[in-house]
Amino acid sequence: MLEIKNLHVKLADEDKVILKGLTLTVPKGEVHAIMGPNGSGKSTLAYVLAGREGYEVTDGDILWNGESIIEMEPDERAAKGVFLAFQYPMEIPGVAGLTFLRTATNAVRKKRELTEMTTPEFMKFVKEKAAKLNIDFEMLKRPVNVGFSGGEKKRSEILQMAMLEPTLCVLDETDSGLDIDALKVVSDGVNALRGPDRAMLVITHYQRLLNHIVPDKVHVLADGRIQKTGGKELALELEKSGYAEFTGKAA
Amino acid sequence: MTVQMLSTKAEQAILASFEANAAKLPGGAAVAALRRAAIGAFASKGLPSRRVEEFKYTDLKANVKDVLPLATGGGTGDAATSLGAHFGPEFAANAVVFADGRGVAAKAGVTCLADTLGNAPDWVAAALADAELSASSDLLLNTALFSDGAVIDIAAGAEVAEPIVIVATATDNAMTALRHVIRVGAGAKATIVEIERAPEGSGARQSSALTQIAIGDGAEVVHIKVVETHKGSLHLSHWQVNLGANVTYKPFQMTLGEGLARNGLNVLFNGQHSTFDYGAASIVHGTGHADSSLIVDHKVPHCTSRELFKTVLDGQARAVFQGRVIVRPNAQKTDGKQMAQALMLSPDAEFDSKPELEIYADDVVCGHGSTAAEIDPDLVFYCTSRGIPTAVARGLLIESFIGEAIDKVEHEGLREALGGIARDSLTA
Numbered sequence: 000m001l002e003i004k005n006l007h008v009k010l011a012d013e014d015k016v017i018l019k020g021l022t023l024t025v026p027k028g029e030v031h032a033i034m035g036p037n038g039s040g041k042s043t044l045a046y047v048l049a050g051r052e053g054y055e056v057t058d059g060d061i062l063w064n065g066e067s068i069i070e071m072e073p074d075e076r077a078a079k080g081v082f083l084a085f086q087y088p089m090e091i092p093g094v095a096g097l098t099f100l101r102t103a104t105n106a107v108r109k110k111r112e113l114t115e116m117t118t119p120e121f122m123k124f125v126k127e128k129a130a131k132l133n134i135d136f137e138m139l140k141r142p143v144n145v146g147f148s149g150g151e152k153k154r155s156e157i158l159q160m161a162m163l164e165p166t167l168c169v170l171d172e173t174d175s176g177l178d179i180d181a182l183k184v185v186s187d188g189v190n191a192l193r194g195p196d197r198a199m200l201v202i203t204h205y206q207r208l209l210n211h212i213v214p215d216k217v218h219v220l221a222d223g224r225i226q227k228t229g230g231k232e233l234a235l236e237l238e239k240s241g242y243a244e245f246t247g248k249a250a
Numbered sequence: 000m001t002v003q004m005l006s007t008k009a010e011q012a013i014l015a016s017f018e019a020n021a022a023k024l025p026g027g028a029a030v031a032a033l034r035r036a037a038i039g040a041f042a043s044k045g046l047p048s049r050r051v052e053e054f055k056y057t058d059l060k061a062n063v064k065d066v067l068p069l070a071t072g073g074g075t076g077d078a079a080t081s082l083g084a085h086f087g088p089e090f091a092a093n094a095v096v097f098a099d100g101r102g103v104a105a106k107a108g109v110t111c112l113a114d115t116l117g118n119a120p121d122w123v124a125a126a127l128a129d130a131e132l133s134a135s136s137d138l139l140l141n142t143a144l145f146s147d148g149a150v151i152d153i154a155a156g157a158e159v160a161e162p163i164v165i166v167a168t169a170t171d172n173a174m175t176a177l178r179h180v181i182r183v184g185a186g187a188k189a190t191i192v193e194i195e196r197a198p199e200g201s202g203a204r205q206s207s208a209l210t211q212i213a214i215g216d217g218a219e220v221v222h223i224k225v226v227e228t229h230k231g232s233l234h235l236s237h238w239q240v241n242l243g244a245n246v247t248y249k250p251f252q253m254t255l256g257e258g259l260a261r262n263g264l265n266v267l268f269n270g271q272h273s274t275f276d277y278g279a280a281s282i283v284h285g286t287g288h289a290d291s292s293l294i295v296d297h298k299v300p301h302c303t304s305r306e307l308f309k310t311v312l313d314g315q316a317r318a319v320f321q322g323r324v325i326v327r328p329n330a331q332k333t334d335g336k337q338m339a340q341a342l343m344l345s346p347d348a349e350f351d352s353k354p355e356l357e358i359y360a361d362d363v364v365c366g367h368g369s370t371a372a373e374i375d376p377d378l379v380f381y382c383t384s385r386g387i388p389t390a391v392a393r394g395l396l397i398e399s400f401i402g403e404a405i406d407k408v409e410h411e412g413l414r415e416a417l418g419g420i421a422r423d424s425l426t427a
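From first to last, the protein sequence lines stand for chains A and B.
Just so you know, numbering that gives the first Met the number 0 puts 135 at position 136 of the first sequence, and the rest follows in order with no gaps.
Just so you know, numbering that gives the first Met the number 0 puts 323 at position 324 of the second sequence, and the rest follows in order with no gaps.
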């Protein structure tokens with residue numbers, strides 16, 4: 000279970016406060032959506048969960064399975080099952096996709112006290128997962144994300160997610176830059192990972208992703224706090240009424 | 000031209016060393032006269048200082064304080080142990096080893112210069128006397144002092160399948176000077192690898208290696224150099240390259256360690272439709288200093304030159320890249336591109352990058368770029384968010400940076416050996 004308690008976050012090298020007492024609980028087996036206007040702190044929440052530098056937690060805590068993760072390095076969090084699918088996946092020139100996947104998969108397995116995969120085991124595993132996401136295996140021989148289209152990058156993120164078998168999946172604007180076909184492939188990939196042991200936090204600006212990845216709960220994030228929580232129908236309401244109600248309240 | 004008075008202790012010691020060793024150095028009267036003329040010219044020029052443009056960032060006059068005794072042989076070395084861990088036995092079998100300035104392990108197809116000097120073939124004698132070499136005092140010094148070197152003559156049309164490997168080793172506290180003279184006949188194919196060994200733990204040494212290579216029409220040559228340095232070592236390398244027409248010449252130079260190394264490379268396009276495709280990777284540690292200074296002379300039309308220089312610097316290490324590209328007035332349709340990139344692992348590291356494009360023709364495509372950057376923290380975060388520990392992530396990113404240059408080496412065994420050497424140096 001993910002428990003975010005009264006989380007206050009500011010930028011490390013500026014006085015700008017972004018999250019102002021965010022409280023949220025996502026039980027295992029559930030998918031929660033976070034919706035909100037631009038600048039509400041959605042991406043900050045995603046980065047703080049994954050442990051990116053540049054943010055300072057000034058108050059509150061983040062517990063994953065009862066354990067505080069805010070002091071952990073990103074790789075420790077990954078070993079504990081935290082995975083962030085980036086809004087803008089990064090390109091790593093010179094590192095082949097397969098090398099990257101194998102290094103990551105085995106690093107995580109090692110920390111989880113599982114045996115590292117041999118080359119044939121790894122190749123079988125990656126081929127199987129890539130095929131499900133319509134990813135051309137040849138693409139994985141190229142440097143990570145270099146020259147990939149927006150859709151290819153997002154599928155590559157979901158492939159990494161499938162390979163690392165996380166238990167807390169945070170998807171940051173996974174629908175941005177996707178056409179309708181790519182959206183379906185990516186959503187199917189995410190839905191395939193839904194399960195009783197996995198919690199998911201789907202961050203999105205628009206409702207359309209939630210037609211494909213149907214959430215158990217929808218939270219509205221504005222001005223650094225959860226302003227409203229409801230069922231999946233809340234997303235449809237927001238699509239009609241917009242975020243004005245919440246930004247107005249915030250002001 | 001002004002005549003500079005000898006001023007440094009080192010320069011005086013070099014002249015004294017020449018006088019003491021002249022009688023022992025190989026060669027007949029003609030070579031002796033060549034040496035005498037070279038040391039005379041050196042005496043008036045002195046060691047190159049920062050006022051000499053090619054040595055702007057590597058001031059030998061200021062840096063060379065002591066001169067080590069000249070070694071002219073007597074060392075031992077065998078290819079199997081001299082090559083280092085990453086070159087397999089298949090390379091050892093093809094290696095010619097020079098220990099303390101004298102060939103000790105020969106191979107078919109390679110003659111030791113010292114053995115042929117008494118009766119040198121005309122092309123070798125002409126190469127030794129090449130006027131181009133009298134321009135710079137580091138080269139004059141090599142002419143005055145060289146004690147041996149490899150003579151390689153590849154016949155027209157020959158395809159030499161295995162790389163020819165030249166290894167130079169030296170005992171501590173010695174100065175050595177080697178001269179390699181190479182001729183590749185028209186249409187021939189060959190790979191030549193030079194390795195300057197200074198393994199971890201060795202002491203002070205000073206070495207000079209001057210390679211002259213003339214490549215005939217239509218030939219394809221891969222030419223690799225690995226320079227190991229360590230604290231207290233000085234290596235001066237220079238390649239003087241003459242290309243015929245329709246030649247493909249692919250040099251690759253790797254410099255590693257904490258010593259002082261300079262890799263000069265002058266390439267002259269003498270025939271049309273030739274390609275010069277240069278790659279370099281240097282990994283400089285601590286107080287090390289590695290200089291690569293190129294002069295690419297497009298004398299004729301329709302030639303292509305490519306340079307990719309990459310360096311990783313830590314501590315107070317310093318790398319220099321000078322890429323001078325001359326496009327002569329009639330060298331139309333020249334296609335020249337240059338890129339120099341440094342990855343700075345420390346705020347005290349320094350990268351001096353100086354592209355110099357001198358273009359006198361009007362129908363050419365020439366470009367250059369240069370970057371110096373730290374490891375991108377966003378990329379490190381991306382890797383660590385996937386469970387890769389920070390140190391491993393940084394290693395992966397550094398390796399990929401330098402790997403882009405190493406990937407230019409097409410020979411799989413050599414590419415893997417170079418990759419292994421780079422990895423060892425990066426984790427040292």
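Incorrect hints may have been included.
Cβ-to-Cβ under 7 Å is the rule here; a few derived chain B residues that face chain A [unchecked claim]: (1) Phe17; (2) Tyr359; (3) Glu403.
Simulated coverage check for chain A against chain B, where a stretch passes if three residues somewhere in it have a Cβ under 8 Å from a Cβ of chain B [claimed, not checked]: (4) 84–91; (5) 126–133.
Read the hints as simulated data drawn from the structure, not as lab findings.
Just so you know, even glycine gets a beta-carbon here, dropped at the ideal spot from N, CA and C.
Status of the hints after comparison with the structure:
Hint on Phe17 of chain B is violated. Least Cβ distance to chain A is approximately 47 Å, over the 7 Å limit. With a least beta-carbon distance of about 35 Å to chain A, the hint placing Tyr359 of chain B at the interface is violated under the 7 Å criterion. Checking Glu403 of chain B against chain A: minimum C-beta separation of about 5 Å stays under 7 Å; hint holds. Given a C-beta distance limit of less than 8 Å, the hint that chain B covers the segment 84–91 of chain A holds, as 4 residues qualify and 3 suffice.
Residues of the segment 126–133 of chain A with a Cβ under 8 Å from some Cβ of chain B number 0, which does not satisfy the need for three, so the listed coverage is violated.
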